[in-house]
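Going line by line, the protein sequences match chains A and B.
Taking this note's numbering, the leading residue of the first sequence gets 1, the next gets one more, and so forth.
Taking this note's numbering, the leading residue of the second sequence gets 1, the next gets one more, and so forth.
I should point out that these hints are in silico values taken from the structure, not numbers from a laboratory.
From the three backbone atoms N, C-alpha and C, an ideal C-beta is built for every residue, glycine too.
A couple of the hints might just be wrong.
[What the hints assert, rightly or not] Dumping the calculated EDC-like pairs for lysine to aspartate or glutamate here, alpha-carbon to alpha-carbon at most 20 Å:
(1) B:267 to A:454
(2) B:244 to B:163
(3) B:25 to A:654
(4) B:21 to A:90
(5) A:15 to A:674
(6) B:25 to A:646
(7) B:25 to A:101
(8) A:356 to B:183
(9) B:233 to B:99
(10) B:21 to A:255
(11) A:61 to A:157
(12) A:611 to B:99
(13) B:25 to A:83
(14) B:21 to A:374
(15) B:21 to A:646
(16) B:25 to A:644
(17) A:239 to A:196
(18) A:239 to A:157
(19) A:356 to B:163
(20) A:356 to A:374
(21) B:267 to A:101
(22) B:21 to A:83
[To be verified] Quick list of simulated restraints, FRET-style, between CB atoms:
(23) B:33 to A:28: 44 to 52 Å
(24) A:624 to B:180: 17 to 25 Å
(25) B:91 to A:356: 36 to 44 Å
(26) A:413 to B:171: 46 to 54 Å
(27) B:129 to A:379: 49 to 57 Å
[As the list claims (entries may be wrong)] Footprint (simulated), chain A over chain B, 3 or more residues, beta carbon under 8 Å:
(28) 80-93
(29) 255-267
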Amino acid sequence: MSLSGIASSALSALKANATVLDVISDNISNVNTTGYVRRTTTLSTTTANGVVTGVEVTNIKRTVSDYLDQETLTALGTSSQYDTENGIYDQINALLGDVGDGTSVTSRISNVTTALAQLSQSATTSSASSTISALKTLASTISNLSASLTSLQNSVDDQVTSNVDSVNSYIKQITDLNTEIQTTNALGDDTSGLCDQRDQALQGLAKLIDIQTSVQSDGTVKVATTDGTLLTGFSAYAKLTYGGAEDGGGYSGIDITYYSSATDSTVGSQVDLGSHIQSGTLKALLTLRDSDIGELQTELGSLAKAVIESYNGVSNNYTATIPQTTLTGTQTGLLSSDSFSLTGTTIVGVTDADGKLLSTITFDFDNDSYTTSDGASGVIGSTVQELTETLESASGGLITASLDGGVLTLSAADSDNGIVVEDDSDTSTGISHLFGLNDLFSCAIPTATATGVDGGDDAGLTGSDNVIAFSLVDQSGNTVKTYSVAIDSGTSIDSVLDQLGTATDGAVGFSVNDDGSIDIELSKNYSGCSLFVNADNTERGDTGVSITGFFGIGTNTTASYAGTIAVKSGLSEKTLPIAETDLASTDVGDTAVGSGDVSGAVALEGVETAKIAVAAAGGLNAQSTSLSGYSSLVYQDIASRSSDAESNYSTQSDRLTTAQSLQSSVEGVNLDEELANMVVYQQAYNASARLVTTLTDLYDTLLSATSS
Amino acid sequence: MSVDRVATSNQTTYMTSQMLKSEAKVAQYSSQVASGQVSTTYSGYGSQVQALESARAVVNRTAAYQAATTLAISQVGLQDTYLSQIDTAVSDLKSSIGDAISSGDATSLTDAVQSALTQIASLLNSQDSSGNYVFGGGNNSSAPVAASTLDDVTSASLTDISDVFTDGTSIKSVQTSDTQSTDIGVRASDVGTDILSIIQSYATYISDNGDFGTSLSVDQQNFLSTFDSDVTKAYSSITGIEGKNGDVYSSLKDASDTQTTMLTMYKGFVSDIEDVDMATAADNLTNAQTALQAVVQVTSTLNDISLLDYLS
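Model the full assembly from the supplied sequences, consistent with the hints where possible.
Here it is, written out as structure tokens:
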């Protein structure tokens, strides 16, 4: 070994140990840097002709575990998903108010019963006023809750838009870093800093959507959703586009367009990403928007329908204590040409200014005949127009009847007279019930699905722009199929339904039942799906009611009942239908209605607990329950979902903590370890330096020997 | 996977997250101890929400039934007061008839009949504190009895005694439970038709035959005998109605007692779900506080130990 060999070896050791100390200093400096992966060095001997000539740092490596990285990415996705769900459910719970604060729908129904109980014993204006106030509060509680849920749904959709932007931003970052890493790798330079940045971007992306990664030989990473939809890699990257809420309801899909990493030009066709997202914040937002909140809206709509029909079902057996000159019904969506389906009897009476009965018309719908107190009789007919005409003519000019925009109005010709309409309480399908003449609640569109119309009736569509667009949505809230059908005007209801069915190529069948309700049959491939109306610009005559609204088609149509439930316009202490009449036993000239009669209040008290049949809605199955029970069940569903979200979040949060701990145990910096290494390599550096000084001494000795 | 090293930064992060979790538990149990409730949100009750809401609805409903029943009891009590006064008026009339028959002097009988009619009509036209006619049968637009003098009941326009009654057909009722309602109303025509009909026959008799004097003819004696018998029957009918009213009063009292029992039971049911077991909550709070102290202690200890302190 020559002295120069010693010098060379000592210098290589100085250099190698300094490099190691440099790496240690990087590790120590970044001990608290998020996403920093510790570096380790590999030392190797340098040799010349098989003889050791020194030492060198052959590799500075980021200490990563692909398995733990992927587990962390997956845990980030699921944890973020349930974190988002939990947060939104916290907001929904806040909308419901505190438990026991008396603001729940169930409590509001109880308050109506309380007011009615008071009214039943104290027929005063203040008791009637309290009852109307309780009814209004019940309606506004439901409609406010619905409005708040809609607002929340819109807010969630806004978050979808911003999340899609964030996904695009992360994908672009990863793509750009991939390109940089590829270039740096080719030059043989250190890419660890770039890899740290890319890992950070991957973790950001994993919080939004589920991803799987695979590192390629050139250092780039291919990123795809867990079901394999490419997001970036192989010289292309995905860009997501989202159009937001669509006119008339529903939301556009999230589409992918692929671009070249090098040129940024389009290289691939669009695919819908929505159904490929399995977890992450975006998954939570889409599920909440399309499924959860939508289902809760439908449940609330179903509750609103139950409230409307239960209370109106009873109130139409009663009448105002003071007969009114004009009786106005609620929106039925019916046309004059429509058939009607009524059973039992209805007696229409006219009273004078003192409430004494002037005349009656008794309609016997089972026998299609009427008789009057004057002894006249005749046939009623089968259409709404025939019914109103019969009523007018049989009254001998005392009553005018008109159906205007789907709303029936009965007016006494003499403004001093009043009108009383008494349905047979056993059947609940008389004139008052059908047209809502003594309703307590109303809704923008009719809630009664048994419309009474016949399939052969004119659908009432005019003009050329009659389009119904609807989707089939599976149980996860994913849109399976969308149809847009242009309907011919001037055709029958059967024809309209046939056109809808034909457009779906047999996927959906529509038919009118005997009671005028509609039957929707889904083919085997779509069983379990629900129908969502995206847009419907049809209108039945001048009613403002669409075909889908008239028949209650679509889960969002059901949901809309909650948004517009209100106490019937014009309901006052004077018009509150709580008096019982017995026109069949009342002679002409006798008082028709007891001015202090509050029998209806006792009957309406029973609405809260009466058994009702409720169709399946949202997450609730079809069932027979009470109004109060169903209302509690809707709250139960929200509470259970919230509780599940909280529990899932807790589990996934623990999973993430574990994954991150394990990942950092491999990849993170331990200060004590670095300090220990620092001491070791400092000693090695010192020893190498000592070699150099020793070598200097050797040279000095040698030089002094040769010079003497 | 075994862990043989830990990252310094993550160790702190992990300990901090554990501290936060412990603090959240302390906050949760503190809230339970302070409020006495398991939770203030619906999600906090999970699958018990329906039972809780339904039980609370039963409590509210039963309270409503009880409030209405209390009003009904006072209404029935009011009816009882007036019915017993009518009973007395008829009883007095009966005594007057008996006196007239036994003494043979009926000169003051017509005044007694007139007085009875006035009293009965006035009592049947009584109004409650809200201005509603107690025996109105749901009709408040006019007093239920439109006759107060003997002339009124013999008026030519009167075709039948029922014409003097303008009460409604409705029998007031009260809902006492989800499934039961009790009829409480008594109509003026139900109480007064018999007695007014008899008084009408008396008025018609004296109108046709002249008033009674100090000595009674055989025909007059026969008439008064029948009159006495009819008034006795009418009296019996009124006491029958009075008795039924008393039964209703008693059944409403029973219903109110049942409602009190129901209220206690369902309030207890709500409390079982909603109210926290204070001993358990206090115990949980103590445990959570101890856990938090432990986490803080461990974190502090870990932060105090570093190789740095031993390097010079």
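Each hint, compared with the structure:
1. B:267 to A:454: Outside the cut-off at roughly 51 Å; violated.
2. B:244 to B:163: Violated. Residue 244 (chain B) to residue 163 (chain B) sits at ~26 Å, over the 20 Å cutoff.
3. B:25 to A:654: holds, 16 Å
4. B:21 to A:90: holds, 18 Å
5. A:15 to A:674: Holds - the C-alpha atoms of residue 674 (chain A) and residue 15 (chain A) are around 19 Å apart, at most 20 Å.
6. B:25 to A:646: holds, 14 Å
7. B:25 to A:101: Given pair residue 25 (chain B), residue 101 (chain A) is violated - Cα atoms ~24 Å apart, limit 20 Å.
8. A:356 to B:183: violated, 26 Å
9. B:233 to B:99: holds, 18 Å
10. B:21 to A:255: Roughly 40 Å between the alpha carbons, so the hint for residue 21 (chain B) and residue 255 (chain A) is violated.
11. A:61 to A:157: violated, 43 Å
12. A:611 to B:99: Violated, at roughly 62 Å.
13. B:25 to A:83: holds, 18 Å
14. B:21 to A:374: At roughly 83 Å apart (the allowed maximum being 20 Å), residue 374 (chain A) and residue 21 (chain B) break the hint.
15. B:21 to A:646: holds, 14 Å
16. B:25 to A:644: At roughly 19 Å apart (the allowed maximum being 20 Å), residue 644 (chain A) and residue 25 (chain B) satisfy the hint.
17. A:239 to A:196: The given pair, whose Cα atoms are some 23 Å apart, is violated under the 20 Å limit.
18. A:239 to A:157: holds, 19 Å
19. A:356 to B:163: It holds: about 14 Å lies between the C-alpha atoms, which stays within 20 Å.
20. A:356 to A:374: holds, 16 Å
21. B:267 to A:101: It holds: about 15 Å lies between the C-alpha atoms, which stays within 20 Å.
22. B:21 to A:83: holds, 15 Å
23. B:33 to A:28: 44 to 52 Å: Given a distance of about 46 Å, which is inside 44 to 52 Å, the answer is holds.
24. A:624 to B:180: 17 to 25 Å: With a Cβ separation near 22 Å, residue 624 (chain A) and residue 180 (chain B) satisfy 17 to 25 Å, so the hint holds.
25. B:91 to A:356: 36 to 44 Å: holds, 37 Å
26. A:413 to B:171: 46 to 54 Å: Once the Cβ atoms are compared, 34 Å apart, the range 46 to 54 Å for residue 171 (chain B) and residue 413 (chain A) is violated.
27. B:129 to A:379: 49 to 57 Å: Given about 52 Å between the Cβ atoms, the range holds.
28. 80-93: violated (count 0)
29. 255-267: Violated - the segment 255-267 of chain B has 0 residues with a Cβ nearer than 8 Å to chain A, which falls short of three.
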